[in-house]
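Q: For the protein sequence lines, the chains are E, V and Y, in the order given.
Under numbering that gives the first Met the number 0, read the first sequence as residues 0 to 246, first letter to last.
Under numbering that gives the first Met the number 0, read the second sequence as residues 0 to 183, first letter to last.
Under numbering that gives the first Met the number 0, read the third sequence as residues 0 to 183, first letter to last.
Because the hints were derived from the structure by calculation, they are not lab data.
Heads up, a few of these hints could be off.
Stated by the list, open to error - With the Cβ distance kept under 8 Å, some of the chain V side facing chain E (calculated, not the full set):
(1) 51
(2) 53
(3) 62
(4) 66
(5) 76
(6) 81
(7) 92
(8) 109
(9) 111
(10) 115
(11) 125
(12) 155
(13) 159
To be verified - Below, computed lysine to aspartate or glutamate pairings styled on EDC-like, alpha-carbon distance capped at 20 Å:
(14) Y/14 / E/130
(15) V/54 / E/110
(16) E/112 / Y/22
(17) V/33 / V/56
(18) Y/172 / E/92
(19) E/140 / V/56
(20) V/55 / E/128
(21) Y/76 / V/131
(22) Y/73 / V/30
(23) Y/85 / E/26
(24) Y/157 / Y/176
(25) Y/129 / Y/160
(26) Y/72 / Y/57
The structure presented is a predicted model; accordingly, all values stated were derived computationally and were not measured.
Cβ atoms here follow ideal geometry from the backbone N, Cα and C, with glycine treated the same way.
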Amino acid sequence: MNATLPEFKIKTEVFEGPLDLLLSLVEKRKLFISDISLASVTDEYINHINKLPEYSMGDRTQFILIASTLLLIKAKSLLPNLPLTEDENGSIEDLELRLRELEVMRRQSNEIKKIFGNNVLFFQENSPEREVFFNPGEDVKLNNISEAIARVLNSLPKAEVPLPKLKVQKVVSLEEMMDSLTVRIKSAIKMSFSDFSGKGKVEKVNVIVSFLALLELVKQGTVDARQEGLFDEIEMESYSIGTPSYT
Amino acid sequence: MTNLSNQIEALLFWKSEPVSLKELSKMLSVEVDKVSEGLIELEKSLENRGTVLIKKEDTVYLATNSESSELIKKITKEEESAELGKASLETLSIVLYKSPIRRSDIDYIRGVNSSFILRNLLIRGLVDKKTDPKDSRTFVYSPSFELLAHLGITEVGKLPDFEKVQAEIETFKNQKEQNNQTIA
Amino acid sequence: MTNLSNQIEALLFWKSEPVSLKELSKMLSVEVDKVSEGLIELEKSLENRGTVLIKKEDTVYLATNSESSELIKKITKEEESAELGKASLETLSIVLYKSPIRRSDIDYIRGVNSSFILRNLLIRGLVDKKTDPKDSRTFVYSPSFELLAHLGITEVGKLPDFEKVQAEIETFKNQKEQNNQTIA
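Based on the sequences and whatever the hints tell you, model everything.
A: Below, the structure is given as structure tokens:
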């Protein structure tokens, strides 16, 4: 077996939108759709977004929306006490439901594929007992024909002008965030989470990614995070001034 | 009903036009004698039903039963006076401006399948259908002479904005070729 | 067979296109309820015959039965209709199990814009589009007779796992509503 094969496959596989990608990742691991399985594919999902080819930049926003929900799910799984707003809880449950529904439809589409065209029922090829004779309706008039062709031309789908490359900020990868976290922790022993992430200035997803990076660091024992009260600032502190042991 | 008379019914229904015994025997891969037997059986089973088996010279076909003939005459009358309606007028206008045209191209321009509408336009004598000179397996549609006369024009070129409309449709069709490569 | 179911069969054969119960009731000058009864009777009398009745919402259409499918396919030498891609099949399934459905709902389930795919399916005649009765500014999509015929089934209820899938969809719907309530 060639070890680089899966990598190659990931690059060539075209995913039809964010849900397709996510469902494929869950199914590839033979997992059921749940918060646990979604949390476990979060990193891989974000990796895929970073590998998205240039031409699909316009779709990236859609991918990022799903990514931010995934990050929430992951944050929650790392920190069960994490308070989430009702909106956030709602979007998590919503994502699960959407995936389940898509999963059902995908399963059925395999069944449809099996029977399509196998046992066709045929309709009449001709209209029986019809004599063709010239019989225009009252409305077959030149002005109606003019109006009709105008309607036809009007409803032609517009030419597919390639969308101007949307300037969507590239989602920050977990690794980049961890790098930046570590550097900043080194320079300031104590910092608040909102300082670090520049909350309000950058996309929400960046906040979450940095938050998660923080959680991962906590897990790895690189930093110590403290939250005094429920909605207080999260304070982080570095355990050691040396190089953290992440890869 | 045996399988054979069943299949004969299906074939005649599907064709809905006169079919010779020889053709039937060929289609069913059975002897003509067998076909005749099957037809006798079919005839019996159609007693007291909506359709009947009609034999004419050496052909057979299905037709509506005689009890329905009054009803159908009445409905035909009503249909004759009916207006075409928006969708049919749009289809007809495409045939007028872009003939001869294949059904697939009409469908592509309208964004929906047009088979029923075209069939209806044919029955009303508004369009003609003939084999596509470029591909004998398909048909092309064009306006009938009666239609042009009815509209008071001697040729399609006299239609309002003829060239402009043609050009617009042509541009759209050219996109088709490009798009087809991207739509799976 | 009563006179009514007889006449319905004759009309459907003669029209050779989908006919709604309302149209039948008008053509036959009888109540829609009576038409429904007549159709049930017709369906029964077609059992074990050459033709079947395909039902879709409030419309019916006669077709050949599945036993003749192989035979006619051989005769038409119908080129295998171009393979349906993964995205098309997925969209068709959603339309089949959830019709009538709006495009926005299809997009929501698939997580991508489905307008290209839907247009393609409309052109191929596999999907029907009509104005949403609940909102005249939007459209709803449903399976076409052509699609049911290609699947060899006479109504959506005969789709693979129909009951099971309906139950699953129902569960999703309830959970979604609960979910929305807690958010609101």
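Q: Indicate, hint by hint, whether the structure satisfies it.
A: Against the structure, the hints:
At its closest, the beta carbon of residue 51 of chain V sits 12 Å from a beta carbon of chain E; the interface hint therefore is violated under the 8 Å criterion. This hint is violated: residue 53 of chain V has a C-beta 10 Å from the nearest C-beta of chain E, more than the 8 Å allowed. Given the 8 Å rule on beta carbons, the hint for residue 62 of chain V holds: about 6 Å separates it from the nearest Cβ of chain E. Restraint check, residue 66 of chain V versus chain E: the minimum CB separation of about 15 Å is more than 8 Å; hint violated.
For the restraint placing residue 76 of chain V at the interface with chain E, the shortest Cβ-Cβ distance is roughly 11 Å, beyond the 8 Å limit, so the hint is violated. Hint status for residue 81 of chain V: holds, given a least beta-carbon distance of 6 Å to chain E, under 8 Å. Interface restraint check: residue 92 of chain V against chain E, minimum CB-CB distance 4 Å, threshold 8 Å, status holds. A hinted interface residue such as residue 109 of chain V counts as satisfied when its beta carbon comes closer than 8 Å to some beta carbon of chain E; here the least separation is about 7 Å, so the hint holds.
Violation of the interface hint for residue 111 of chain V is found here, the shortest Cβ-Cβ separation to chain E being roughly 10 Å, above the 8 Å cut-off. Nearest Cβ of chain E to the Cβ of residue 115 of chain V: about 10 Å, over the 8 Å cut. The hint is violated. This hint holds: residue 125 of chain V has a C-beta 6 Å from the nearest C-beta of chain E, less than the 8 Å allowed. Because the smallest distance between the Cβ of residue 155 of chain V and any Cβ of chain E comes to about 11 Å, over 8 Å, the interface hint for this residue is violated.
Evaluation of the residue 159 of chain V hint against chain E yields a held restraint, the C-beta minimum of about 5 Å falling below 8 Å. At most 20 Å may separate the alpha-carbon atoms for a hinted pair to count; residue 14 of chain Y and residue 130 of chain E meet this at roughly 13 Å. Distance hint between residue 54 of chain V and residue 110 of chain E is unfulfilled; the C-alpha atoms sit about 44 Å from each other, more than 20 Å. At most 20 Å may separate the alpha-carbon atoms for a hinted pair to count; residue 112 of chain E and residue 22 of chain Y exceed this at roughly 34 Å.
Between the alpha carbons of residue 33 of chain V and residue 56 of chain V the distance comes to roughly 18 Å, so the proposed pair stays at or under 20 Å and holds. Between residue 172 of chain Y and residue 92 of chain E, the direct Cα distance comes to roughly 12 Å. Compliance with the 20 Å bound is thereby established for this hinted pair. Between the alpha carbons of residue 140 of chain E and residue 56 of chain V the distance comes to roughly 43 Å, so the proposed pair goes past 20 Å and is violated. Restraint check: the Cα-Cα separation between residue 55 of chain V and residue 128 of chain E comes to about 14 Å, which is no more than 20 Å; the hinted pair holds.
Between the alpha carbons of residue 76 of chain Y and residue 131 of chain V the distance comes to roughly 19 Å, so the proposed pair stays at or under 20 Å and holds. Among the hinted pairs, residue 73 of chain Y with residue 30 of chain V is consistent with the structure: their alpha-carbon atoms are about 18 Å apart, no more than 20 Å. Pair hint residue 85 of chain Y plus residue 26 of chain E holds up; C-alpha atoms about 16 Å apart against a cutoff of 20 Å. Distance check on the hinted pair: residue 157 of chain Y and residue 176 of chain Y sit about 28 Å apart at the alpha-carbon level, beyond 20 Å; violated.
Between residue 129 of chain Y and residue 160 of chain Y, the direct Cα distance comes to roughly 27 Å. Violation of the 20 Å bound is thereby established for this hinted pair. Restraint check: the Cα-Cα separation between residue 72 of chain Y and residue 57 of chain Y comes to about 29 Å, which exceeds 20 Å; the hinted pair is violated.
Violated hints, listed in ascending order, are 1, 2, 4, 5, 9, 10, 12, 15, 16, 19, 24, 25 and 26; each of the other numbered hints is respected by the structure.
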